[in-house]
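Assemble chain B onto chain A, guided by the hints.
Here is how the chains run, residue by residue.
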Amino acid sequence: MSDMTGDAETADLETFRSETRVWLEANCPPEMRKPASSDADVFWGGRNAKFSSEPQRIWFERMRDKGWTVPDWPKEYGGGGLSPAEHKVLRAEMARMGARPPLSSFGIWMLGPALLKYGNDAQKKEHLPKIAAGLIRWCQGYSEPNAGSDLASLQTRAESDGDDFVITGQKIWTSYANYADWIFCLVRTDPAAKKHDGISFILFDMASKGVSTKPILLISGYSPFCETFFDNVRVPKSHVVGTVNRGWDVAKYLLQHERAMISGMGERGVGRPLGQIAADSVGTDALGRLDDAMLRGRIASFDVDEAALAACAERAVDLAKAGQAHPAFSSAMKYYGTELNKRRYEILMSAGGLDALEWESERSKQGARPRAWLRTKANSIEGGTTEVMLGIVAKRILDLPGA
Amino acid sequence: MALVLTEEQSMLRDSARGLISDKAPVSHLRSLRDSKDPTGFSREFWHSFAEMGFAGLLVPEEFGGSGLGYVEAGVVMEEIGRTLMPSPFLATSVVAASALNRGGNAGQKSEHLPKISNGSLLATLAIDEGAKHRPLQTSLQAVRAGNGFRLSGAKALVVDGHVADLLIVAARTAGSAGEREGLTLFLVDPKAKGVAIERTIMVDAHNAARIELANVEVNADSVLGEVDQGATLLDGVLDIGRGAVASEMVGLSEEVFNRTVEYLKSRKQFGKLIGEFQALQHRAAELYVDIEITRAAVMKALQALDTDIAKAASAVAVAKARAGTTATRAVQEGVQMHGGMGMTDQFDIGFFMKRARVCEELFGDANYHTEQLARARGY
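Residue numbers (the working numbering), protein chains in the order written: chain A, 1 to 403; chain B, 1 to 379.
Everything labelled a hint here was simulated from the structure, so no lab data went into it.
Fair warning: this is a prediction, and the values are worked out from it, not measured in the lab.
Glycine is no exception: its CB is placed at the ideal position from the N, C-alpha and C atoms.
Take these hints with a grain of salt, some might be off.
Listed next, the in silico EDC-like pairs over lysine to aspartate or glutamate satisfying Cα-Cα at most 16 Å (straight line) [to be verified]:
| id | chain 1 | residue 1 | chain 2 | residue 2 |
| --- | --- | --- | --- | --- |
| 1 | B | K265 | A | D399 |
| 2 | A | K237 | A | E346 |
| 3 | A | K395 | B | E286 |
| 4 | A | K321 | A | E61 |
| 5 | A | K88 | A | E14 |
| 6 | A | K395 | B | E262 |
| 7 | A | K130 | A | D181 |
| 8 | A | K125 | A | E76 |
| 9 | B | K132 | B | D365 |
| 10 | A | K75 | A | E86 |
| 11 | A | K395 | B | E276 |
| 12 | A | K130 | A | D65 |
| 13 | A | K321 | B | E7 |
| 14 | A | K377 | A | D399 |
| 15 | A | K130 | A | E61 |
If we take Cβ atoms under 7 Å as the criterion, some of the chain B residues that face chain A in the derived model are [stated by the list, open to error]:
| id | residue |
| --- | --- |
| 16 | R259 |
| 17 | V261 |
| 18 | A296 |
| 19 | R322 |
| 20 | Y379 |
Extracted from the complex, chain A is given alone in its bound form (with noise of 0.2 Å):
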């Protein structure tokens, strides 16, 4: 029953499918095919950017060079300049092939979309094209000791000297602050004001002088978060993005675009399925069912709310482009995302069994099963935690009172 137009647009959607597929097919290297196997061999970009392999560095170069890594930004800022139907496509496409993302970044998931939403024109033509490229590699400047999930709680001052800032202050829980060559950074402007009122958020690079990091050893045995200190940093007011004191905004904007990312962890359909994996270690038994019905059931029921989930996602995007989507509904996505993320871990740690229990091992590639389970406790805690989330869904969506 779809119209003409409706069948063109279908018709050119599927030009489109095919000649991105014989494209990805010719110019993704096969290593790049399958999931990054530990942090080391992400690329993330930056002015000290290293690549781990050749085929990274060729998957990058020719993701770029297609404006790619930004697939949906527009053309002038070094993005791929396609519409939102388009960019399903081609996500569709990447994880039929299982082609892992040729750049990660903050400036790409969290920064830019912000920028394009709140900068000026001098912003979006400095810092988008520079993410684009992956020539900066950006942090986040969000919590402090004494504000995580009451955030707009936070102290670190900007004081206005003439043309600049001067800021002092703490942050923590800073990612990756220790390679980052920018940061986009909440402080406070107005400490007159109402909590949510005297914020502003500023962009500046982390060479200025009196900016230093410290990173936190976490369970996992990794160091991914930083302690950042900020010791009269000055900053040019040119750099304050959206207006001064109405940062919040800004902020809350870049959170949604954040939970989305977060959210994005629990839906990882491509490789093995989980019931295959448990089968190798635990075994099979003479109907070639898992041997461990308890533990197969907890997989099934893991799977059917996994596709679930996608089948969500998917909608979230749609219910977007058809200007449907409830602006809070990533706080949704955060929560259920990153709680069925945990429950993945907790079921590969059960298949694994003793095999997971080892840390520093060749066998083990160091350990690398229970440091990614650990790593997965921080995914309901991050960004706002599942109670923020749900107190967030219970508030702007369903608008209960008092909350």
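Below, chain B alone, put in the same frame as chain A:
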């Protein structure tokens, strides 16, 4: 295909919702139950349903139907779920119409489908025999006799069984219980000699019957599809039924949820609205997310059915499993959060709990479909 309703589908939803909420709110089901209505639904309303094109929604236009797809059938089922309207839509318009349209020969289609479209023929699939839905365990026997077959055995939970004008009976013509080979579907006249039908009053006050066949003779023309090869036809028809019941459960879940959230906003205890308590807010929020995710999974399954039924099985298994667990959670939270009121017959919420229990068993419960997914994925 985008996972949102098109403009035409939204219009269909609005007109179904308007008609159903106006003519058949939950009080309609209540009065049918209380009066022990012998038909179990309103024939008058069914005719207006047919006049609007709903009875023949899935029937091709050449047989007087609307020629729409499973997404559209799901849209109507969801609205039925909101008011728990008892109607022949599921058994006749979705399941039986699909069986006839997909498996029927030219004569069978032209004889029955136009009557389904105009609302004059009620039909139903008789499949389950034991306590649980296990289609391959079918053991009702059909043995060759003369030019036709002789059928003997019993069926349970035959939806609309006591009012149906045509039974579609799954029988075993070869092999033994558990095997795919040897299943055959038969069109059986409920008035035929040897057919005994007992209406069973169910927990949800919807129609169902137990049917016994004792040496019922049917001729060769009554075979729907191919002899011994009925399993594939049955798979498709059951998946269509599952998608439809999952849609009903989405509508039911959302209605219970909306009523419950409204109650949280109006009931006061300890000097405040109970919806202010975080313990209840978080449970409500979790349930909201569950329903949204299930809605997407069900839509995905219906689209998969419209695209290629043979490849829709896993999507349908996910949808029916999710719909079962979500609806169960929704009605349990609904009763619990309504407190003592939720336990009273006077209050509607209990009707939703009862219907959800039946929907969960219809065409396989969450465990059954979770198991199917595990098998499909090879572990």
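Hints, one by one, checked against the model:
no. : hint               : verdict
1   : B/K265 with A/D399 : holds, 9 Å
2   : A/K237 with A/E346 : violated, 47 Å
3   : A/K395 with B/E286 : holds, 13 Å
4   : A/K321 with A/E61  : violated, 30 Å
5   : A/K88 with A/E14   : holds, 12 Å
6   : A/K395 with B/E262 : holds, 14 Å
7   : A/K130 with A/D181 : holds, 11 Å
8   : A/K125 with A/E76  : holds, 8 Å
9   : B/K132 with B/D365 : holds, 8 Å
10  : A/K75 with A/E86   : holds, 14 Å
11  : A/K395 with B/E276 : holds, 10 Å
12  : A/K130 with A/D65  : holds, 13 Å
13  : A/K321 with B/E7   : holds, 14 Å
14  : A/K377 with A/D399 : violated, 29 Å
15  : A/K130 with A/E61  : holds, 14 Å
16  : R259               : violated, 13 Å
17  : V261               : holds, 6 Å
18  : A296               : holds, 4 Å
19  : R322               : holds, 5 Å
20  : Y379               : holds, 3 Å
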